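Q: So the chains spell out like this:
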Amino acid sequence: AQSVTQLDSQVPVFEEAPVELRCNYSSSVSVYLFWYVQYPNQGLQLLLKYLSGSTLVKGINGFEAEFNKSQTSFHLRKPSVHISDTAEYFCAVSLGGSNYKLTFGKGTLLTVNP
Amino acid sequence: NAGVMQNPRHLVRRRGQEARLRCSPMKGHSHVYWYRQLPEEGLKFMVYLQKENIIDESGMPKERFSAEFPKEGPSILRIQQVVRGDSAAYFCASSPLGFYNSPLHFGNGTRLTVT
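Line order of the protein sequences matches chains A and B. For the first sequence, the positions run 1 to 114 when this note's numbering is used. For the second sequence, the positions run 115 to 229 when this note's numbering is used.
Accuracy of the hints is not assured; some may be wrong.
Calculated cross-link-like contacts (lysine-lysine; reagent style BS3-like; alpha-carbon spacing at most 27 angstroms) [claimed, not checked]:
hint : chain 1 : residue 1 : chain 2 : residue 2
1    : A       : Lys106    : B       : Lys176
2    : B       : Lys158    : B       : Lys176
3    : A       : Lys69     : A       : Lys58
4    : A       : Lys101    : B       : Lys176
Please keep in mind that the hints were generated in silico from the structure rather than gathered at the bench. Being a predicted model, the structure only gives us computed values, none of them experimental.
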């Protein structure tokens, strides 16, 4: 069975600073990888996804993530954050090509301070 | 184009009562998924439905929980005889095709509190 580990439960940063949110997964088969964002009292919004192809994936709002198969990681990055990026970020994995069941990490709360 | 609509947004039930959560998928979507988010946890898959069919309910607790997606109307997640451990956020998602062709679109969730 696959699992997802988000290494940081909270990440505080200052506005305009770069940020990296870490995600590692475990799976014995190929996977699809996703990052979702959840703003307070809202549902999850897809930021970006990796299905195949280029390991560097660009998403909405200036976020990007890099798939590293050897390190089984899919870290999320943004070069300069805004206060509006304050939210909970979830990494998720599904078994590639065959599974609709997403396995989510516990989330990382990103707090951007002025 | 409205997104996935869930209601109510907040639901309070006493122990032993029934909770009914509703989900209307995005227009044109025929696949519905229910997920549960317990406090301090990530979302966990519960059930996958298409119109009038349960495709996969492997994530549903064996007792008290049921789900349906009738030919007409919203999908319903029903929890009978609720207990405090059922307090969570319940999210519905939908997609137009098989999952690997399109990502899931999530609703804003129903936050169930059992007192």
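Q: If a hint holds in the structure, say so; if it doesn't, say that too.
A: Hint check results:
The straight-line distance between the Cα atoms of A:Lys106 and B:Lys176 is roughly 24 angstroms, inside the 27 angstroms bound, and the hint therefore holds. Restraint check for B:Lys158 and B:Lys176: satisfied, since their Cα atoms lie roughly 15 angstroms apart, inside the 27 angstroms limit. Our distance criterion of 27 angstroms between C-alpha atoms is met by A:Lys69 and A:Lys58, whose separation comes to about 17 angstroms. Restraint check for A:Lys101 and B:Lys176: the C-alpha separation of about 18 angstroms stays at or below 27 angstroms, so the hint holds.
Hint compliance for this structure: every hint is met.
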